[in-house]
Every structure is written in C-alpha cells, then in structure tokens.
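Asks: The task is simple: from the sequences and hints, build the whole structure.
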Amino acid sequence: MLLAQISKWRHLGDGLHRSRGRVELVDLLPYILAALLLTAILFALSMYHKRNDFSQPGNDPDKLFRELSRAHNLDFSSRRLLRELALAYQLEQPAEVFLQPAALRPDRLPDYLLSKQAEVRALQQQLFG
Numbered sequence: 001m002l003l004a005q006i007s008k009w010r011h012l013g014d015g016l017h018r019s020r021g022r023v024e025l026v027d028l029l030p031y032i033l034a035a036l037l038l039t040a041i042l043f044a045l046s047m048y049h050k051r052n053d054f055s056q057p058g059n060d061p062d063k064l065f066r067e068l069s070r071a072h073n074l075d076f077s078s079r080r081l082l083r084e085l086a087l088a089y090q091l092e093q094p095a096e097v098f099l100q101p102a103a104l105r106p107d108r109l110p111d112y113l114l115s116k117q118a119e120v121r122a123l124q125q126q127l128f129g
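Take the sequence shown: its position 117, counted from the start at 1, is 117 in the numbering used here, and no numbers get skipped.
If you are wondering where the hints come from, they were derived from the structure by calculation, not from laboratory data. Please note that a few of the clues may not be correct.
Computed spacing ranges between beta-carbons, pair by pair [said to hold, decoys possible]:
#, residue 1, residue 2, range
1, Leu127, Asp62, 53 to 59 Å
2, Arg70, Leu37, 30 to 36 Å
3, Gln100, Ile32, 52 to 58 Å
4, Glu119, Ile32, 47 to 53 Å
5, Pro30, Glu92, 25 to 31 Å
6, Asp53, Leu25, 35 to 41 Å
7, Gln125, Leu33, 51 to 57 Å
Heads up, the beta-carbon is just placed ideally off N, CA and C, and yes, glycines get one too.
Replies: As structure tokens, then:
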C-alpha cells in the first residue's frame, strides 16, 4: 500500500518553491536598503573625519577652536564654558578667548556665570598659567 503511493511522496514539496526565472523588486529590497545604509554610514564617517582633520589648513573658526581646545587638553565642560564666555563677551570667534586672558577673569563674569567662578579660575590657570 505504501509503495503504491510513491508518486504522492515524490511531488510532496513541489508547491513550496517558486520558479527562479524572474527576480522581482521585492526580492532586491533588502539589498538596496543595505546598500543605502552602508552609503549613509560611509558618508557620515567621511564628514566626521573631514570635520576633525586638523592636518589640512582651512578657514573655519569652529575647527580652530576645537584644535586649540585639543592642544590644551580641555574637556567638554571646559570647552562649553569657553564658548559661553565668548558668547557673553560677544567675540566674533570663540577661539578669541585663547588670546584674551581678561575674558577669563572671575571678577568680570556676567551674572549668569557667577556660579562658575571656580571653574573659570581653574581654566584661567590651565590656559595662561
């Protein structure tokens, strides 16, 4: 009886696989999305590298500020404080605070930065000795 039904067993999985002749857009969608994601990641890495490439000369005030901050080993909070001081004293470029020791005098701080006098003193000592 089992041998008589061998043809049913032979054709058991025939309906599961579709023909491989045509490729539809839906089949390529994961590859297209992966290629777009990889392109976006490479573009972001390229922009990050270009932004932080200090070997190339350029006319970028923010890049100059970052380079001076890196040269003085300043942490994020110190850089933020220097930017706040540059904004408070209405300096054209934030890097100017590295050239003006008077900008870091604790007695000249604006009212909203008075709570950061100790940090400004430490920063003044670090930058100007």
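Asks: Now tell me, hint by hint, if it's right for this structure.
Replies: Okay, the hints, checked on the actual structure:
Between Leu127 and Asp62 the beta carbon distance is about 18 Å. The supplied range of 53 to 59 Å is therefore violated. A beta carbon spacing of about 31 Å between Arg70 and Leu37 agrees with the range 30 to 36 Å that was offered as a hint. Remark: the range hint 52 to 58 Å for Gln100 to Ile32 is upheld by a beta-carbon distance near 54 Å. Between Glu119 and Ile32 the CB atoms are about 51 Å apart, so this pair conforms to the stated range of 47 to 53 Å.
At about 50 Å, the CB distance of Pro30 to Glu92 disagrees with the hint of 25 to 31 Å. For Asp53 paired with Leu25, a C-beta distance near 40 Å keeps the hint of 35 to 41 Å intact. Between Gln125 and Leu33, the C-beta spacing of about 53 Å keeps the proposed range 51 to 57 Å intact.
Hint compliance for this structure: hints 1, 5 are not met, and every other hint is.
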